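Peer 1: Okay, here's what each chain looks like letter by letter:
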Amino acid sequence: MKRLFPILAMLTALMLVYALYQALVVAPTERTMGDVQRIFYYHVPSAWTAFLLFFVNLVASVGYLVKRNPKVDALALVSAEVGVVFCTVVLVTGPIWARPVWGIWWTWDVRLTSTLVLWLIYVSYLLLRRFSDSAQAPVLAAVLAVFGALDIPLVYFSIWFFRTQHPQPVIGGGGSIDPRMWRVLLINWMAFLCFALLMGWSRYRLESMRREVEEAQALESLLGDDRGPSAEIRNPKVAPNRSGQ
Amino acid sequence: MSLLSSTTRGTITRATLTKDIRLEWRSKDALNSMLFFSLLVVVIFSFAFDPLAEESRRIAGGLVWVAFLFAAVVALNQTWARELRNQVLDAYRVSPAPPNALFMAKALGNFFFVSLLEALMTPLFIIFYNLRALGPAWQLIPIAFLGTWALVVNGTFFAAISLRTRSRELMLPLLLFPMSIPAVLGMVAGTTAILTGENSAHFWIVLLLTYDVVFTTACLALFEKVLEAE
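One line per chain: the protein sequences are A and B, in this order.
The numbering used here numbers the first residue of the first sequence as 2 and each following residue consecutively.
The numbering used here numbers the first residue of the second sequence as 66 and each following residue consecutively.
If you are wondering where the hints come from, they were derived from the structure by calculation, not from laboratory data.
Treat the hints with caution; some may be incorrect.
Dumping the calculated PhoX-like pairs for lysine-lysine here, alpha-carbon to alpha-carbon at most 25 Å [to be verified]: (1) K68(A) - K290(B); (2) K72(A) - K3(A); (3) K72(A) - K290(B).
Please read these numbers as outputs of a predicted model, since none were measured by experiment.
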């Protein structure tokens, strides 16, 4: 498996270069928007990749709650982290495109707002992981991921209803898309998926190593001297009988 | 767990609930700080916009619920912290009492405190912002009821999660607010619809009801995992 990693890295680099060439040179220029439309080839694949990764996170979180396999938990963590990165790309490239086309950076439209809320939920997921002890974090985070998944449809419907009551800016919806644009879009998505896989993989390896080190340190402090962080130091009332002996 | 009959569950819930209410009645810590906090919000917001009748009708829905949401966090943070002091929570974990009974007691207790806060603060909002509903005012009651439960049930659950983290008081709003966005939107938009009388609040009541059913079920299903997370 480890030998596959540089191969995937090479492949991803080639794919990204090819996709960049396709997006900037090969794809036809959009008639009304001009060259700024080319950001579409980064915006949309990032969004699809982010949603896919959040879905992987949900499946892994449910899997962890059922089976309690630490590897599945690492997968949940990694997919959430990489998903937040791609979701951030979506939220950044969107306004860059919207400013020349719509004339505004941001609008509280249903898709924009629910993507932002999705991003907020996953950032709070990552914060929870950062702030909790490594022993409890997997369960708590998995529970939060399930709550987030239940929340997303409610977020979407509530904002959709809220916004349909108000006038909304015309979004370039409807209309047909040039088949050449579709091809470039799919090439870009493939490249982005490879990139996400590469990032996820290297992050997963790092996370497994971190856990191994943590376990080794815990074992060392159990076997070796008493200087390691034991339960009594953190919570002195837990073991009063020991001091009485 | 299945050995316990539903009456035992009811007894445990009632015992915990009366204990919490009695403790709060003696100290009144949470209630006083919530009341004072929301009073401060009322005063500070009056500087942010001109509290004329027409203007405040549009803004009051958001204002009232933001004040209650922030104030509720004060009570929610104290929910479980009290049980940590003498290892009550650890004792509860090793006892055969069902975790759901404890959760329900805590959620109902918080619902009681936050409802009390709302009942005391609403007249003040009406006086300070010259509020008069142009729509069917009785619909504010289901919105308040369902909205408060929506805040409190997830709030109690996330307070139990944030109890297990470092800097737990800070963690609760960070977890609760993103998740509560549909509920807060429902409360605010529903209240505004009734106050201005421009739209029907029907959709928002249904939304809040759905939110409550979905998350009450999720909380009851997953609370045991949070309580026993080690």
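Peer 1: For each hint, tell me whether it holds in the structure or not.
Peer 2: Right, here's what the structure says about each hint:
1. K68(A) - K290(B): Holds: K68(A) and K290(B) sit about 13 Å apart, inside 25 Å.
2. K72(A) - K3(A): Holds. K72(A) to K3(A) sits at ~17 Å (cutoff 25 Å).
3. K72(A) - K290(B): Satisfied, since the Cα-Cα distance of roughly 19 Å is no more than 25 Å.
In the structure shown, no violation is registered for any of the earlier numbered hints.
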